[in-house]
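Fit chains B and C to the known structure of chain A by using the hints.
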Amino acid sequence: MVNPKAGIHGWGAYIPIYRLPLSDIAKVWGWHPDQYKGLAVEEKAIAGSDEDALTMGYEAAYNAIQRAKIEPKKIGAIFFGTESKPYAVKPSATIIGEALGITPYTMASDLEFACRAASEGMRSLIGMAASGLIDYGLAIGSDTAQANPGDVLEFTAASGAAAFVIGKTNNAVAIIEDSVTFVTDTPDFWRRSSQPYPLHGEGFTGEPAYFYHIENAVKTLLERTGLKPSDFDYAIFHQPNGKFPVKVGQDLGFNMDQMKDGLVTPMIGNTYNASALMGLARVLDKAKAGQKILLAPFGSGAGSDAYLITVTDEVENRKHLAPMVDDYLNRKILINYATYARSRSIIHVIK
Amino acid sequence: MVVYVEGVGMTKIDRHYDFSLKDLAAKAAFNAIDQAGGTDGIDYLIFSSSLASLQDSQLDSASYLALSLGLKGVRALNVEAGEASGLAAISVAKSLLESHQADKVLVVGAEKLNEFVSSKVYKQLQMLYDGDTKSFYNIGFAGEAALLMRLYMDTYNVDRETMSYWPALMHSNAKENPYAMLNFAIKPDKVAKSQILADPITLLDSYPLGDGAAAVILSNKDVAKSPIAKISAIESSTGYGSIELSDDPLQFDSLSDAYRRISNIADVSNIDFIEIHDSFTITAMIILETLGLANRGKAAELVSTGYFSPGGKGPAANLSGGLKARGHPLGATGVYQIVESSLQVSGKFPGIKLSNAKKGLVVSLNGLGSSAYVALVEEV
Amino acid sequence: MSMDLSISRFWRKKEIIYKLNGAKCKSCGKVHYPPKNACPYCGSRDLEYIELPRKGKLISYTTIYAIPEGARSQSPIYFGLIDLGITKITAELTDITDPSILKKDMEVEATLRKTQEDRDAGLIYYVLKFRPVLVQK
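Protein chains in written order, with numbering that gives the first Met the number 0: chain A, 0 to 350; chain B, 0 to 379; chain C, 0 to 136.
So that you can see chain A by itself, here it is in the shape it has in the complex (with noise of 0.2 angstroms):
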């Protein structure tokens, strides 16, 4: 089978300002008050009042094509991954395009897959890279996370963003090496067209959906690659709470030195689309060349995918072309419960 081989140019993530301690959702809602402490995860993200995953995709995007050093007209393609898209039909990919000068001659479209949205597009850019159809390509995983207020997944569902720019392996920051897609048919968590928050099969999506394509899709990976565990520097999985990459990671062998760096959910919550791809932001922002990285999105519904990551000595030259996650990490202002709700429209109100 071949092989194509891309390079990521550039990196950009975003995390909005505002955190909600989980404590005022169990005092909200009436949860046990350590009900949430299993899931590791102390405050979560929230996008304010003018800020929506498309806003939120566009600033990622913008810190990664600072990065990237390119001309923005020089990329081909747009996919914007998203489940909380502002828009049920109209192409928010369009607008960032507009925004950030990529347009007009790009593909520019929205994907939905669940939380793997985003890690579908970088793969398909892999190969339109690789094959020359584009230069350049922007993958942004962007969500304001909804989640049925009231619901257990209130608890985790979290605002943020994080975009790659995918090009040909020469003069890039990292070596996309080797990549992996698992999907079937496994209904863990969904939303119907029309309403606004998402359902899930509570325990269902954990070993059936997100252990078993994860799992299988770094198998096949390490497989694939001849590689083990103990080969990579980093580890990055999806991200619903704080508890399950671990689980995950150590179940595949990996360690906690390998995966601390890359986990971000327990600071800011699961932001969904950008959830391993915000910990692959975090890892580059750190990262020396030569390290390789396993990342591992996953999306409900369900599938994963596996990348071996190689970091280049060029990335040293990019990290300081924008804000770090860590910059996006440090700066956060504490809202309650009822400014959450007015922000993420919870409140509903005649316009």
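Keep in mind the hints are simulated off the structure, nothing from the lab.
We put the beta carbon where it would ideally sit given N, CA and C, even for glycine.
Selected chain B positions facing chain C (Cβ under 7 angstroms, derived; list incomplete):
hint, residue
1, Asp131
2, Ala141
3, Leu146
4, Leu150
5, Ile195
6, Leu244
Computed footprint of chain C on chain A, listed as stretches where at least three residues anywhere in the stretch have a Cβ under 8 angstroms from a Cβ of chain C:
hint, stretch
7, 45-52
8, 97-105
9, 316-327
The list that follows gives simulated cross-link-like pairs (lysine-lysine, DSS-like), each with its CA atoms no further than 25 angstroms apart:
hint, chain 1, residue 1, chain 2, residue 2
10, C, Lys54, A, Lys331
11, B, Lys133, C, Lys29
12, B, Lys119, C, Lys12
13, B, Lys133, C, Lys23
14, C, Lys23, C, Lys35
15, A, Lys4, A, Lys291
16, C, Lys18, A, Lys68
17, A, Lys72, C, Lys54
18, B, Lys357, B, Lys312
19, C, Lys13, A, Lys73
20, C, Lys13, B, Lys133
21, A, Lys318, C, Lys54
22, A, Lys285, A, Lys167
23, B, Lys133, A, Lys350
24, A, Lys68, C, Lys54
25, B, Lys229, B, Lys352
26, A, Lys4, A, Lys227
27, C, Lys13, C, Lys25
28, C, Lys103, A, Lys331
29, C, Lys25, C, Lys54
30, C, Lys29, C, Lys13
31, A, Lys73, A, Lys167
32, C, Lys12, A, Lys73
33, A, Lys350, B, Lys119
34, A, Lys331, C, Lys102
35, A, Lys285, A, Lys246
36, A, Lys72, C, Lys13
Structure of chains B and C alone, referenced to chain A:
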């Protein structure tokens, strides 16, 4: 050339829920017409209103007003220049008279600002500011003036308390004016404590949303029978109208131009009183300084010393109570100012009367000076 | 079913409101934003369009509580006069919960945000607003 004020009329400014725009216009217009001896010889109706099309859902409102006033057949046109509409309408009337396209003109200014809820009116009033920049934001009617007020206070190191003397003076003047919307007195310290609209602008720094109408009959000399006042000169100019475009936003460039122009054609020295466009405390301060009636940064302090108060050393400012307290029914305001000034020079103003007032200067602006009009009203 | 806001009015200005495109006068050299049809300073029609700097300093600012229709969800509105070096602009400020952090000379930077929504079913409009700079250099 000089034109004569033969008749005037105005309504009290208020929330006139029971009267339509045309009802109010008719009250003012009929007064002016009756005072001037009837409808005979009226060549033109100039109607001034900024928001008639939105608040009254009416286009070609001058023509429909003509019909409603029993003046079908008269030549009629609308004049719209935002908050400066009233003086713009007077200016157009004066031009028609001077060129003898008309010998007698009825100018009516009328506005309703209470036909819709306040948030919709704030959105309508945002149209006073440059749509190129401002229409994409949600700044309402006080946002840009608030930036100017803070800039003024920072630049000249003027404190909040000193600024508050202007609204207090306006309320004190309006208290005596039966046509004023806010005819009650306030102490300066109440201004800072009132509701904040756009920090540092408070409710008492700003004009109330009122409905009202004012009208004048203007004539040429050979037609005028018993004029109560004359308009000796009127001039105007246009300006940046936006705080960011001007290199010197603490002066209104349009007003400076208009004032220079009127100074070239008329004697505007030794003015007894002024009626100026104090849409906000800050606009009043900048107008006073642009006209040279106060040194830069010193207007507020001068106001606090009583310099512009009735009987003060300077020209008495806004004996009507100004936009602040008389009220500011946008398109009608300039006409109110002309009516009040005409009554003042003829000794008939129903509020505070200056003894021996001969000359008054009227200033009207839109927004932060996208346009500026200056008129000189004198005794006959 | 109706819409309150003009689709084309925003659409035709998108280069200006998404990218901060201003105009530089080739005759007098002054820059203004957004571009007018001729230079507001010298009247020349010889203008070139340039992207303005995305960072600047506050000259003046306000917190607006008298909120126009359609913007209640964003109340209060923070609004500033910003010095971009080559020109000044006014813009909404965002990511602020405490107005007391606003200070003269505070550094701010551009970011894309929602400005107006046409009720529940109409379009969402985006514009560059300014926020306190993320990374102090």
